[in-house]
Amino acid sequence: MPDGTVTDEHEAFEADFSEYLEKSLPAERAREVDAHLQSCDRCRAEYARFRDTVGMISGLDRVPAPTRFEREVEATIHRRSAGRFFGRRAFGDRVPFELLAAIGLLLVVAVVLLLRWSPTGTVHDPLSPSPSTEPRPDVKKSLPTP
Amino acid sequence: MTFRERLLLRRLRERDERAFRDLVEAYQDRVFNLIFRMIGVREEAEDLAQEVFVTTFKTIDQFRGDSKLSTWLYRVAVNHCKNRIKYLARRHDRKTGVLDEAAEREAAALGDGPIGAGQIPRPDLAVEGAQRDLLVQRAIAELDEDHRVVVVLRDIEDLSYEEIGAITGLPEGTVKSRLHRARLALKQKLAKHM
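From first to last, the protein sequence lines stand for chains A and B. Here our numbering is used: the first residue of the first sequence is 815, the next is one more, and so on. Here our numbering is used: the first residue of the second sequence is 334, the next is one more, and so on.
Just so you know, not all the hints are guaranteed correct.
Claimed, not checked - Think about it this way: if two alpha-carbon atoms lie no more than 30 Å apart in a straight line, the pair counts; the simulated DSS-like pairs of lysine-lysine are: (1) B:K509 / A:K837; (2) B:K401 / B:K391; (3) B:K391 / B:K522; (4) B:K391 / A:K837; (5) B:K419 / A:K837.
FYI, nobody ran anything at the bench for these hints, they're computed from the structure. Note that the structure is predicted; figures quoted are calculated from it, not measured.
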């Protein structure tokens, strides 16, 4: 049966396992632990199990939040506060300025392209008679003579 | 606290809905993982993680900004976890088997079917993959909440002792000694499966 002093010595080394594993022990103490682990089968085996245990814990897979999580939290807040939880939305939040600006830009580009492709530089078809150049019907001639 | 965090905090205090979404998006996985590893049951973790964000947003005015936003969020999460662990323990006392059933469902969800402590069909394979994770998870769940917190924050969330001290309100020396005791206890619990 091991005497108390020897057991205490093993326990003293075991007490330093965490810091030894994390390499945060003072250099001199780390050398003592090194030397003890070289010479003590029991502590070497215990340390190996300790290191493996910590490795198993830190090796656990990370579990992400469910995909619907964000929506559910928001819905919970809205439900509990009857929609009064969040601040009143500013005008800029309610009107989709980014979308309106993009649509406006597309319209400008479309008009510019239309003008560029047109040979006359206008949006009118040059082959179709212009309403201004078409001869007006003679109103007097068409009237029945009394 | 970084400049970006200060901006986010200001928007949160203004009850900006988009700031809230940014906060949830940035921290939901970390908070959920912490809670899941603390509680060990997915349904409970989902419910609790929601409560953490609701509480965070409701009490954002109480946050003085003297620590990182993530530290504060973790603190809220840890406090909720501790309360829930106590509540579940009481419920478990009254209604034995509820948590065990939930844990079995968790095991089934991992794809390996239910296993019970001491009835592992292939001990040589038990330390691999999902079963190994389940064994570790169960061993963690057997720790008392004070030891569970430090081991989850340090060995799973990989936080510094300083951050853990800020979250738990414990001196660094106490964090280290609790962590060491928790690791020794886990070694003991997992020894038969190694």
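Hints versus structure:
no.	hint	result
1	B:K509 / A:K837	holds, 13 Å
2	B:K401 / B:K391	holds, 18 Å
3	B:K391 / B:K522	violated, 40 Å
4	B:K391 / A:K837	violated, 42 Å
5	B:K419 / A:K837	violated, 35 Å
Hints 3, 4, 5 from the earlier list are contradicted by this structure; the remaining hints agree with it.
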